[in-house]
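S.K.: Residue numbers (the working numbering), protein chains in the order written: chain B, 1 to 201; chain E, 1 to 201.
Please keep in mind that the hints were generated in silico from the structure rather than gathered at the bench.
Just to be clear, a hint being listed does not mean it is correct.
[Claimed, not checked] Selected chain B positions facing chain E (in silico; Cβ < 10 Å):
no. : residue
1   : GLY19
2   : GLY21
3   : GLU59
[Claimed, not checked] Far from chain E by the CB rule (all over 12 Å, computed), these chain B residues:
no. : residue
4   : ARG16
5   : SER82
6   : ARG127
7   : GLN187
Since the structure is predicted, the reported quantities are computational estimates derived from the model, not experimental observations.
Beta carbons are placed, not taken as given, at the ideal position from N, Cα and C, and that holds for glycine.
There are 2 protein chains.
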Amino acid sequence: MLLPEPIQNLINALERLPGIGPKSASRLAFYFLRADESLSSELAEALTGLKEKIAYCSECFNITEAGRELCEVCANPKRDASIICVLEDALDVLALERTGAYQGRYHVLGGVLNPIEGIGPDDIKIRPLVERVARGGIREVILATNPSMEGDTTAMYLQQQLRSTGVHVTRLARGLPMGGDLEYADQSTLLRALQGRQEMD
Amino acid sequence: MLLPEPIQNLINALERLPGIGPKSASRLAFYFLRADESLSSELAEALTGLKEKIAYCSECFNITEAGRELCEVCANPKRDASIICVLEDALDVLALERTGAYQGRYHVLGGVLNPIEGIGPDDIKIRPLVERVARGGIREVILATNPSMEGDTTAMYLQQQLRSTGVHVTRLARGLPMGGDLEYADQSTLLRALQGRQEMD
Numbered sequence: 001m002l003l004p005e006p007i008q009n010l011i012n013a014l015e016r017l018p019g020i021g022p023k024s025a026s027r028l029a030f031y032f033l034r035a036d037e038s039l040s041s042e043l044a045e046a047l048t049g050l051k052e053k054i055a056y057c058s059e060c061f062n063i064t065e066a067g068r069e070l071c072e073v074c075a076n077p078k079r080d081a082s083i084i085c086v087l088e089d090a091l092d093v094l095a096l097e098r099t100g101a102y103q104g105r106y107h108v109l110g111g112v113l114n115p116i117e118g119i120g121p122d123d124i125k126i127r128p129l130v131e132r133v134a135r136g137g138i139r140e141v142i143l144a145t146n147p148s149m150e151g152d153t154t155a156m157y158l159q160q161q162l163r164s165t166g167v168h169v170t171r172l173a174r175g176l177p178m179g180g181d182l183e184y185a186d187q188s189t190l191l192r193a194l195q196g197r198q199e200m201d
Numbered sequence: 001m002l003l004p005e006p007i008q009n010l011i012n013a014l015e016r017l018p019g020i021g022p023k024s025a026s027r028l029a030f031y032f033l034r035a036d037e038s039l040s041s042e043l044a045e046a047l048t049g050l051k052e053k054i055a056y057c058s059e060c061f062n063i064t065e066a067g068r069e070l071c072e073v074c075a076n077p078k079r080d081a082s083i084i085c086v087l088e089d090a091l092d093v094l095a096l097e098r099t100g101a102y103q104g105r106y107h108v109l110g111g112v113l114n115p116i117e118g119i120g121p122d123d124i125k126i127r128p129l130v131e132r133v134a135r136g137g138i139r140e141v142i143l144a145t146n147p148s149m150e151g152d153t154t155a156m157y158l159q160q161q162l163r164s165t166g167v168h169v170t171r172l173a174r175g176l177p178m179g180g181d182l183e184y185a186d187q188s189t190l191l192r193a194l195q196g197r198q199e200m201d
């Protein structure tokens with residue numbers, strides 16, 4: 001049996017989303033049919049012209065509303081402008097903010113160096129970071145790219161690029177995650193935890 | 001940090017979907033930002049006015065395109081009109097069709113009897129089914145509501161309602177699912193498999 005075209009179109013669109021397979025897509029599509037009209041209209045509205053409604057901060061490349069020059073963090077004079085936390089993407093800003101412990105500014109690279117996929121230093125926001133640091137007033141740059149091969153490579157490259165500025169460059173700590181289990185930790189996590197062990201007060 | 005309003009709206013809309021929590025909603029929203037423009041526009045278009053684009057078959061209450069009187073199955077003269085398979089919702093039609101083994105017609109109840117949620121016989125399409133059978137020409141009614149308490153109750157109620165018509169009423173077989181493991185089967189599934197055991201040829 002062929003499904004009615006409007007439903008089939010919806011299933012096709014949903015299937016393109018990450019983590020949604022053919023079965024979940026069908027279930028979701030039929031859920032929209034049963035659910036309140038507002039569910040589909042709200043989502044449709046939020047999606048329409050999404051990219052035009054969003055701009056990127058001219059200072060740190062975090063997302064902001066279209067028409068604004070700076071993002072919420074850079075526009076906030078209470079945030080410490082002398083510390084920059086360097087992240088892979090804007091979603092990571094959200095994660096850092098959720099800790100409630102970071103009061104500095106950000107710099108969103110928009111990716112990581114990845115020679116296999118052909119992503120080099122000029123494809124992500126490395127030069128603007130170096131220029132930003134060179135302009136002065138920065139005390140510390142925290143490299144918070146992901147603890148992956150690409151993230152580490154990018155962090156090392158950034159460290160080299162920033163060396164001449166004389167600024168203090170740090171990297172997020174590695175070790176056992178909270179609630180983790182020593183027995184299930186992988187070899188390299190355990191190795192990092194051992195190497196990075198700290199004196200107890 | 002407050003997110004830009006367009007992104008926050010999108011996250012709120014996505015969070016309303018079943019099986020999508022706050023974290024998945026954020027990830028999906030940022031995915032739309034990174035991905036090709038067509039992804040969000042295609043989905044927005046498919047969702048816009050969805051309910052107006054869909055109608056329900058006047059014969060079996062399966063979904064069909066707006067403006068059509070009958071669904072694809074009822075409109076197909078090759079489908080055996082003397083057998084009706086009774087289902088809870090239109091998604092179940094899809095599941096049955098996928099087997100490729102069923103050549104009869106359907107009847108979509110649009111729910112099951114559920115006294116706790118206040119769903120009685122008049123809230124689902126029971127009367128139209130009884131009328132359809134009473135009109136004659138039906139050989140068999142297969143009750144294919146889910147093997148749940150509500151599904152069973154609904155099937156029993158339908159059986160009673162259809163008794164006077166003298167039509168042959170059957171229910172889908174219960175037993176071990178394909179690929180299942182005897183050891184992990186729950187008590188009542190195993191009990192049904194035992195009770196329904198069949199002669200081997």
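S.K.: Against which earlier hints does the structure fall short, listed by number upward?
M.R.: Per hint list: 2, 3 and 4 violated.
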